[in-house]
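*Asks:* The listed protein sequences derive, respectively, from chains C and P.
For the first sequence, my numbering gives the first residue as 19, with consecutive numbering after it.
For the second sequence, my numbering gives the first residue as 19, with consecutive numbering after it.
Calculated directly from the structure, the hints in this document are not laboratory data.
Bear in mind the structure is a predicted one, so any value in this text is a computation, not a measurement.
Mixed in with the good hints there might be a few duds.
Stated by the list, open to error - To be clear about the criterion: a stretch of chain P counts as covered by chain C if any three or more of its residues have a C-beta under 8 Å from a C-beta of chain C, and this derived list gives those stretches:
#: 1; stretch: 135–141
#: 2; stretch: 191–198
#: 3; stretch: 237–251
#: 4; stretch: 285–299
#: 5; stretch: 380–394
#: 6; stretch: 463–471
Unchecked claim - Some chain C residues close to chain P (C-beta under 10 Å, calculated; not the full set):
#: 7; residue: 51
#: 8; residue: 52
#: 9; residue: 83
#: 10; residue: 108
#: 11; residue: 171
#: 12; residue: 353
#: 13; residue: 472
Unchecked claim - Cross-link-like lysine to any residue pairs, in silico, SDA-like; alpha carbons within 25 Å at most:
#: 14; chain 1: C; residue 1: 119; chain 2: P; residue 2: 329
#: 15; chain 1: C; residue 1: 400; chain 2: C; residue 2: 70
#: 16; chain 1: P; residue 1: 77; chain 2: C; residue 2: 331
#: 17; chain 1: C; residue 1: 78; chain 2: P; residue 2: 51
#: 18; chain 1: C; residue 1: 139; chain 2: P; residue 2: 329
From the three backbone atoms N, C-alpha and C, an ideal C-beta is built for every residue, glycine too.
There are 2 protein chains.
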Amino acid sequence: MKKLEKITTQEENFAKWYTDVIQNGDLMAYGSSKGSIIFKPLSFGIWDNIRLILDKEFKKIGVKNVNLPLLIPESLLNKEKNHIEGFNPELATVTEVGGKKLAEKFFIRPTSEVLFGDFFKNEIESYNDLPLIYNQWVNVLRWEKTTNPFLRTREFLWQEGHTIHNSQKEAELLTTKMLDIYTSFVQDYLAIPVIKGQKTEHEKFAGATYTYTIEAMMKDKKALQAGTSHYLGQNFTKAFDITFKNKENKLENPYGTSWGVSTRLLGALIMTHGDDRGIIIPPKIAPVQVDIIELFANKDPRVKEVSLQISNLLESNAISNEIDNSNKSAGFKAANSEIHGTPLRIEIGPRDLESNCVTLVRRDTLQKYQVTISDILETTKKLLEDIQNNLFNQAKLRLLDNIKVANNYDQFKEIINSGYWAIAKFCCDEAAEDEIKKETGATSRCMPFNLDIEIQSNNCFYSNRKTDKIVIFAKSY
Amino acid sequence: MKKLEKITTQEENFAKWYTDVIQNGDLMAYGSSKGSIIFKPLSFGIWDNIRLILDKEFKKIGVKNVNLPLLIPESLLNKEKNHIEGFNPELATVTEVGGKKLAEKFFIRPTSEVLFGDFFKNEIESYNDLPLIYNQWVNVLRWEKTTNPFLRTREFLWQEGHTIHNSQKEAELLTTKMLDIYTSFVQDYLAIPVIKGQKTEHEKFAGATYTYTIEAMMKDKKALQAGTSHYLGQNFTKAFDITFKNKENKLENPYGTSWGVSTRLLGALIMTHGDDRGIIIPPKIAPVQVDIIELFANKDPRVKEVSLQISNLLESNAISNEIDNSNKSAGFKAANSEIHGTPLRIEIGPRDLESNCVTLVRRDTLQKYQVTISDILETTKKLLEDIQNNLFNQAKLRLLDNIKVANNYDQFKEIINSGYWAIAKFCCDEAAEDEIKKETGATSRCMPFNLDIEIQSNNCFYSNRKTDKIVIFAKSY
């Protein structure tokens with residue numbers, strides 16, 4: 019068993035804190051090729067839960083899972099120019115097999131719009147065959163230059179949904195519906211509050227008509243794009259010559275969407291909730307919700323007895339738990355539970371047992387509770403709920419506290435340089451965005467929906483042109 | 019909506035029947051690169067169920083899911099010579115990114131022993147850290163020359179388990195346990211009877227000490243390897259210099275296993291149960307267990323009413339179902355349900371409703387049952403159970419009927435040429451196996467465990483040398 023190493027504090031160096039906690043918390047190991055990581059049982063357990071829960075939500079609105087190939091033939095990728103330009107420098111390319119050169123190159127999918135385009139082409143004839151609402155849970159690969167575990171890795175896992183519809187209206191409705199599903203999931207399960215909005219032209223997905231996004235704020239106040247939903251219009255269906263006979267018996271190109279969340283969500287979760295003792299996993303997504311820690315079991319046989327009894331009780335009430343009956347010290351066991359982010363731990367020792375009690379310790383507030391054994395189930399349920407809510411509320415306060423209005427570029431720079439998010443009227447000029455990024459490091463995150471922040475100015479903070487567009491900018495992951 | 023096309027009969031041409039039913043049954047489409055397929059919702063739904071059920075069984079014995087990278091650096095793969103030789107001609111190789119040549123080549127994983135080897139190396143120090151019992155559900159790629167949907171595709175999906183242990187005994191026990199889990203799953207859920215056994219030296223996995231297998235018989239009597247469990251000894255742990263301090267405080271190499279089942283199981287399922295009307299999916303693995311078919315709904319409003327009522331009733335009893343309320347003919351709807359292999363269909367029409375009845379039709383026997391609406395739940399449950407058992411029993415009879423004893427090579431050739439499986443005493447000489455394959459097309463499938471077939475001869479059917487080894491040979495997929 020490995021020793022626990024010292025964790026750099028968040029204040030000292032947030033980036034170092036992050037790599038410290040993910041390694042000490044047994045979330046990942048570096049893979050044998052650069053920019054790749056290994057998902058250890060704890061992080062993959064979280065991803066497995068994300069998949070299970072989201073998949074159920076998808077199915078409620080008629081999404082069906084499929085699986086398309088990993089490799090894209092060169093000829094196919096060239097069909098959608100806008101799209102390919104965005105990905106070209108990052109495409110891992112298979113050129114040989116068993117030492118022999120291939121006649122055609124193949125790219126490892128960076129995303130699968132073109133593969134779905136080619137597939138859809140043969141699946142539909144008339145409006146009766148629409149919509150097709152498909153999704154796949156797969157790995158994709160983009161040869162990134164700078165990588166960061168979970169946040170930006172060359173290979174990552176995600177779900178990518180791809181749909182085609184009879185009408186623009188239906189496709190746009192699905193684009194919105196999916197953003198709502200992501201929002202509810204990320205907020206309710208991962209306890210990460212987000213700002214919903216639309217990407218500017220500059221930041222939208224290559225090939226999309228428009229892109230919706232949810233943006234989260236990490237503890238260092240940097241932004242992280244947590245999920246996107248794209249309305250593709252007829253861009254891909256025209257490029258791939260996908261047609262159907264509409265009700266007027268005329269050939270038409272269907273209207274498309276695509277949407278996805280990825281293993282970045284793990285990074286978001288860690289950087290939203292973690293503290294200087296390690297990660298904190300919200301109860302509703304935690305593979306292990308309760309650690310049951312046996313103390314001085316050799317001094318009192320009841321310790322093992324009660325520990326097993328509580329474990330079974332929780333298990334039969336669908337509360338996942340693990341017993342730590344190792345011969346490590348009490349301090350080690352507590353720190354070990356904390357560093358792995360288990361939301362709640364129950365410590366069982368001879369002294370407490372004398373008064374028929376055990377001690378519960380919350381991971382989020384570190385508060386301790388002496389609880390009578392007969393109350394254990396009720397208290398555990400209540401605390402897990404409290405922890406889930408507390409994590410969300412804390413993050414929500416932080417998010418709202420750290421968005422500041424910028425009325426001009428000087429204010430904007432001060433806000434960004436102080437690490438906050440800036441919200442401002444912005445003309446959405448693409449060249450202006452490039453300039454702003456170059457000078458301040460901030461990018462436009464989204465044009466927020468329903469955000470209750472008033473902006474008095476009627477002019478763009480940068481160009482001073484009249485505009486009613488409101489945009490959030492921030493430094494980001 | 020596509021027309022149903024004529025299916026070639028099994029007797030006429032089994033291979034053609036197979037590609038007919040998988041396409042008409044909407045199981046797959048060919049991908050845009052050769053040898054690749056697209057899993058449509060029905061086939062991926064079956065695979066999703068396989069994953070859910072097997073994963074639960076794995077977790078019961080302590081398996082934890084992880085996820086390792088897709089790419090293997092060339093330098094890493096070269097560490098295990100026996101292993102690499104087996105896969106070399108099939109390795110898809112990434113040599114460039116965005117048009118630029120890479121300094122080192124990367125192979126798309128054909129299997130992940132070497133990646134796990136490299137990972138395990140840093141995960142253990144002492145016997146306290148063992149065992150590691152890991153599994154991943156991923157895609158792998160082998161550039162096969164001849165491909166066949168589900169059975170042999172360049173990319174396929176599988177689970178691959180990789181474990182390391184303190185002792186040979188523990189590792190061997192796990193190898194056996196996993197074979198038992200596969201056997202129960204394939205027999206109980208997929209309704210495919212199998213022969214358990216050990217592969218000969220000639221057929222074992224490259225790098226394994228020995229390989230256990232389960233072998234199934236398709237309807238054309240060809241064999242299909244449905245799952246394997248390998249005892250790896252210290253082969254990989256020595257090659258990767260993985261060591262731990264044992265209880266005597268001495269450095270030792272741990273003992274390994276690996277085991278897997280793949281999307282081949284879908285091919286096995288189709289070729290075990292399908293008939294000339296299409297595929298047949300066993301109820302316990304079917305994404306849709308019951309099709310509810312509305313007939314002449316325009317003539318009696320009760321049709322829609324009862325259909326919805328039955329659908330809800332089944333749903334709330336965890337029986338998955340779909341309503342067909344399209345305006346197609348009764349004949350089309352029945353054929354459509356049959357070709358998609360739904361185990362049971364319920365036809366609801368005005369005439370039956372007059373006597374408060376609906377008609378149930380089994381997919382396996384095509385038997386019809388007129389059932390009072392109030393009995394529908396009980397009868398559906400009973401029939402689904404019957405169908406599951408009947409599919410297994412039919413396949414079991416066929417398996418046992420078609421294994422014949424060969425006492426000499428002439429008998430052997432006659433048995434194989436007639437399409438049967440041959441069971442015989444065999445010396446297990448590797449050159450002999452090559453010869454037999456060349457002359458008859460048959461390969462050794464396994465040395466069966468606990469198979470109740472008596473073989474009088476004491477000598478090898480081929481070399482006539484004395485031996486007590488019993489081997490099954492067959493043509494195979």
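*Asks:* Confirm or reject each hint.
*Replies:* Hints and how they fare:
Only when three residues or more bring their CB closer than 8 Å to a CB of chain C does the claim for the stretch 135–141 of chain P stand; here the count is 4, and the claim holds. Here's how the stretch 191–198 of chain P fares: 0 of its residues keep a CB closer than 8 Å to some CB of chain C, so the rule of at least three is not met and the hint is violated. Residues of the stretch 237–251 of chain P with a Cβ under 8 Å from some Cβ of chain C number 0, which does not satisfy the need for three, so the listed coverage is violated. A count of 0 residues in the stretch 285–299 of chain P with a Cβ less than 8 Å from any Cβ of chain C is obtained; the coverage claim is therefore unmet, three being the minimum.
Counting residues of the stretch 380–394 of chain P whose beta-carbon sits less than 8 Å from any beta-carbon of chain C gives 0, not enough to reach three: the coverage restraint is violated. Only when three residues or more bring their CB closer than 8 Å to a CB of chain C does the claim for the stretch 463–471 of chain P stand; here the count is 0, and the claim is violated. The beta carbon of residue 51/C is positioned within 10 Å of a beta carbon in chain P (closest approach about 5 Å), and the interface hint is therefore held. Proximity of residue 52/C to chain P holds as hinted, the smallest CB-CB distance being about 9 Å (cut-off 10 Å).
Because the smallest distance between the Cβ of residue 83/C and any Cβ of chain P comes to about 5 Å, under 10 Å, the interface hint for this residue holds. A distance limit of 10 Å between C-beta atoms decides the matter here; for residue 108/C the minimum to chain P is near 6 Å, and the interface restraint holds. Checking residue 171/C against chain P by beta carbon gives a least distance of about 9 Å; that is within 10 Å, so the hint holds. This hint is violated: residue 353/C has a C-beta 18 Å from the nearest C-beta of chain P, more than the 10 Å allowed.
For residue 472/C, the interface hint is violated, since its Cβ never comes within 10 Å of a Cβ in chain P; the closest pair sits about 45 Å apart. Taking the CA atoms of residue 119/C and residue 329/P, the gap is about 55 Å. The hint is violated against a cut of 25 Å. A hinted pair counts as satisfied when its Cα atoms are at most 25 Å apart, and residue 400/C with residue 70/C qualifies at roughly 24 Å. Note on residue 77/P and residue 331/C: the hinted pairing holds, with a Cα-Cα distance of about 19 Å set against a maximum of 25 Å.
A C-alpha spacing of about 33 Å is found between residue 78/C and residue 51/P, which places the hinted pair above 25 Å, so the restraint is violated. Restraint check for residue 139/C and residue 329/P: the C-alpha separation of about 33 Å exceeds 25 Å, so the hint is violated.
Of the hints listed earlier, those the structure fails to meet are numbers 2, 3, 4, 5, 6, 12, 13, 14, 17 and 18, in rising order.
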